[in-house]
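There are 6 protein chains.
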Amino acid sequence: MSSAPVSRYDIPELKDLPQDIRNRILQVQEKSGFVPNVFLVLARRPEEFRAFFAYHDALMEKEGGLSKAEREMIVVATSGANHCQYCVVAHGAILRIRAKNPLVADQVAVNYRKADITPRERAMLDFAMKVALGASDVDEHDLAQLRPHGFSEEDIWDIAAIVAFFALSNRLANFSGMRPNDEFYLLGRLPKEKR
Amino acid sequence: MSSAPVSRYDIPELKDLPQDIRNRILQVQEKSGFVPNVFLVLARRPEEFRAFFAYHDALMEKEGGLSKAEREMIVVATSGANHCQYCVVAHGAILRIRAKNPLVADQVAVNYRKADITPRERAMLDFAMKVALGASDVDEHDLAQLRPHGFSEEDIWDIAAIVAFFALSNRLANFSGMRPNDEFYLLGRLPKEKR
Amino acid sequence: MSSAPVSRYDIPELKDLPQDIRNRILQVQEKSGFVPNVFLVLARRPEEFRAFFAYHDALMEKEGGLSKAEREMIVVATSGANHCQYCVVAHGAILRIRAKNPLVADQVAVNYRKADITPRERAMLDFAMKVALGASDVDEHDLAQLRPHGFSEEDIWDIAAIVAFFALSNRLANFSGMRPNDEFYLLGRLPKEKR
Amino acid sequence: MSSAPVSRYDIPELKDLPQDIRNRILQVQEKSGFVPNVFLVLARRPEEFRAFFAYHDALMEKEGGLSKAEREMIVVATSGANHCQYCVVAHGAILRIRAKNPLVADQVAVNYRKADITPRERAMLDFAMKVALGASDVDEHDLAQLRPHGFSEEDIWDIAAIVAFFALSNRLANFSGMRPNDEFYLLGRLPKEKR
Amino acid sequence: MSSAPVSRYDIPELKDLPQDIRNRILQVQEKSGFVPNVFLVLARRPEEFRAFFAYHDALMEKEGGLSKAEREMIVVATSGANHCQYCVVAHGAILRIRAKNPLVADQVAVNYRKADITPRERAMLDFAMKVALGASDVDEHDLAQLRPHGFSEEDIWDIAAIVAFFALSNRLANFSGMRPNDEFYLLGRLPKEKR
Amino acid sequence: MSSAPVSRYDIPELKDLPQDIRNRILQVQEKSGFVPNVFLVLARRPEEFRAFFAYHDALMEKEGGLSKAEREMIVVATSGANHCQYCVVAHGAILRIRAKNPLVADQVAVNYRKADITPRERAMLDFAMKVALGASDVDEHDLAQLRPHGFSEEDIWDIAAIVAFFALSNRLANFSGMRPNDEFYLLGRLPKEKR
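Protein chains in written order, with my numbering: chain A, 1067 to 1261; chain B, 1067 to 1261; chain C, 1067 to 1261; chain D, 1067 to 1261; chain E, 1067 to 1261; chain F, 1067 to 1261.
Hints are supplied without guarantee of correctness; some may be wrong.
Since the list gives no way to pick out one identical chain from another, each pair is judged satisfied if it fits inside one copy or across any two copies.
Heads up, simulated SDA-like pairs for lysine to any residue below, C-alpha to C-alpha not over 20 Å straight-line [as the list claims (entries may be wrong)]:
1. 1166 to 1249
2. 1128 to 1116
3. 1196 to 1075
4. 1134 to 1189
5. 1196 to 1074
6. 1128 to 1252
7. 1134 to 1218
Quick caveat, the hints were computed from the structure, so don't treat them as lab data.
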């Protein structure tokens, strides 16, 4: 549908990329049916690409006290606060799918305080916003708000680290003019959609 | 799908409303297939209801230099800046339909500077954001940015007045906990959708 | 005294206005001894004029739990926060008259936290400032601060709606360069003044 | 008229003050007809009192390129930006008298960008606001905006130093809850008033 | 080491200065081994110089409930918040010496919330930051946080007055481009250093 | 000297760490004479540790148009803006060493606009601050300010990516209460120091 460029930087050709990076891209294409633009934009710098996705996977694909939907919810709230179009649109789609909820991503992106979320999720996002926008003021009082909701010390690290990683990711996307793929906008919105 | 309340205030019964308000609500229901919650929430105060929609229609339904899609684009950008969930979701749907573009509303809500919009639309939204967030500093220099894009003095008034009206509307919706109808989220996103 | 223009937009001639608008203007002139410039600036758009004043009167002239002086106090604090010269000067005059207090308007406009006001008025203005400047964060906690001071749910709506209406009004005045009439500055300041 | 306390700190008795401070207070009382509360609040600390008024007089009573009305205009704009009730009300009165203009103080306090001031005064206040609110960013570019309006290097120092002195004064007044005398509110507002 | 100018304003020759100012400068030179640039920059205006240092000494050299190290800690935190290079570097050196602690100045300048300070010092700096950045909101609640830590009403005035004085000083230094002497950077950092 | 904990999270024992991480830590200890705390705090999460340092090295150790001192200058300015004590102190030391300049790190941390830096460095840091604090507004105009100073498109990516990486790093350090080692404070300050 759209012909706007994927980024203000040129995108490398798949054939010119190192084998491991080409493999990762082909793998995501097979799974999703398209290549999310973040893979194409970052591929021009193989070392940064590898570190970025290793970090991403360590935080987003791990087991632990946070569900995968909760992790994506943190990403969407953080990216909304940072006005990052790529991450709100792309991770909004993933959140809809993982939470099996077609509404929650738009709600969290605009104003998580008005979203249909649980008190646990609300506490998680209040803390996430503190790390996103005022990390220099985080203290024990902030952590104490999380524990009654069942978050362990490791879960709290996870929340903070996801926010921190997307502080990086949102700035890269905003700086490089990274454009979300058209496919993301509709993903997870239709009742019969499967995954 | 959702059972969360429509507002923190009780919603009156349709049968208890004054005739003109009941008529307006039945009319919008017939046209849209559902009653947008803003009509229900405001109906408890008939005089304010009448003034609100008279003002809304005077700005949004009028003829003039701004297209209806442009007017809705101003609403979505303003409501994004004010973190108003009801207005971003509801007017995002109307913008998708009026612009015949399933992507633009999400783009404008998150970060209009990265949206697929024309230079004219960009100038319009830059000015709208100045009125939304820093009206006390608006001066001739701001207006001068608009004229090369073909905006007349009356168009400029329209832009500013739409922003001002949604400064009101966004605050009412945020204060009253006005919940967007589930129907809005998907409207205008599917290629075959007609109106 | 002053010869600066009333607005950056031309002011229509009284004789060219629709009958109802002309009548309203003549009525206010008879009551006040002069025509406040807001009537002249908005008269160029009759439909918006009618909606604006219908909304204004519904909020400011109604009976209810808030006194008229309290309503004006909300307007002055909101307009101070929005740096709106027209509304601070014009409604400051009305507040002085309605509160029979020549000092309170200047105090509230500069810093309501230091004004000679009651705890009830302080709570009312704290809430008003939350709606004016951070409506997206308003929650039950904010409303709970008001109830011990005798504010009903309808009074709370009134406070929020007055702030929201002046969010609109302040932006229109600031955008259009609406100039307060010289007469307002001295009104309500002299001990013997009657109304 | 008012019985609210002059400050959150006790006010010393005139008879207990050092001779030089008592003289200064009696002198201002004779000239003004009342003792501005700033003299009473600061008198409890004689050394700070002497340094404060020595600094004040060095900046506000000196000869130089800035008129006395211009100096007071800087004070009112600075004090408005700092929401200092004492200084807006007290120096607003002095500005009205020195500028022989009953309107300009209220205009400058609320929004100097909309005030009836000359381009020279506008440039002066733009620079003053930069020093008041963002001194760490002041650079040669800011100073260059002043020179075409006839401000010398010494005048520029005067502007900055007055803003800096009232950064001190406004914080002292806000912290100590310094209350403006009732007499200030009406001073300089009546056409026949002499001085 | 450095050849950058001491200020954007010319520095007077010592021989051209009034006797009392020359004496003060020679005295500080004898004590410190160099002349801190603030003395040279302000000397061009003798009356302001005298008032500035009289005020400084009244607050910083007095006896009272605050230790001299605590006073310097307030200066460093305030100057960090105001991004004033001269005052952070110069008073950071004095703080290191007075607190006999080579680390605390850098910690307080960057983020006092993470510094190795006592709960009493933390409460003192929380209050100082409120006066520095939001004096218009200071109220009894803020003062009440200080009393359990042993601060008297006079100590509280001292804290606020030091912040207020450096609100002035930081703006003067930032505006005038006052450069810290190279000597300050290393003072108080070496374990064997004596004073 | 200090006994405050290294972080609010426990630090693993070196012997319990995976071989590659232990090796990296021993290697830095040999080179620097101590183990910077960031290695100890992150080691508790081996996968994140590896990704973090891979990313760090890809940006900070690479060849390219930016000198190593310029890269560290970006880190110090970013970390100052984010009030990150660990990164200002640790990278301040590295900057002093790499720039062979004992003053520049403190200057850049407090206010880079007043630092002794070249116009090229000033442009680099202006852009870095835009990415750090307002990435959602970055546009072609910002990039255009860099090119006249000799920055290539790849250099611009480097600047933005370093800022983005330290947006992550600063949040991790602030959240986890990461304490800078005492050794950093004095590094690079003494004239005879070698490396």
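Taking the hints in turn, this is what the structure says about them:
1. 1166 to 1249: Answer is both; intra-copy 18 Å and inter-copy 17 Å each pass.
2. 1128 to 1116: both (17 Å within a copy, 15 Å between copies)
3. 1196 to 1075: Classified as between: cross-chain Cα gap 19 Å, same-chain 32 Å, threshold 20 Å.
4. 1134 to 1189: within (17 Å within a copy, 40 Å between copies)
5. 1196 to 1074: between (31 Å within a copy, 17 Å between copies)
6. 1128 to 1252: Answer is neither; intra-copy 27 Å and inter-copy 32 Å both fail.
7. 1134 to 1218: within (16 Å within a copy, 40 Å between copies)
Violated hints amount to a single one, hint 6; each of the other numbered hints is respected by the structure.
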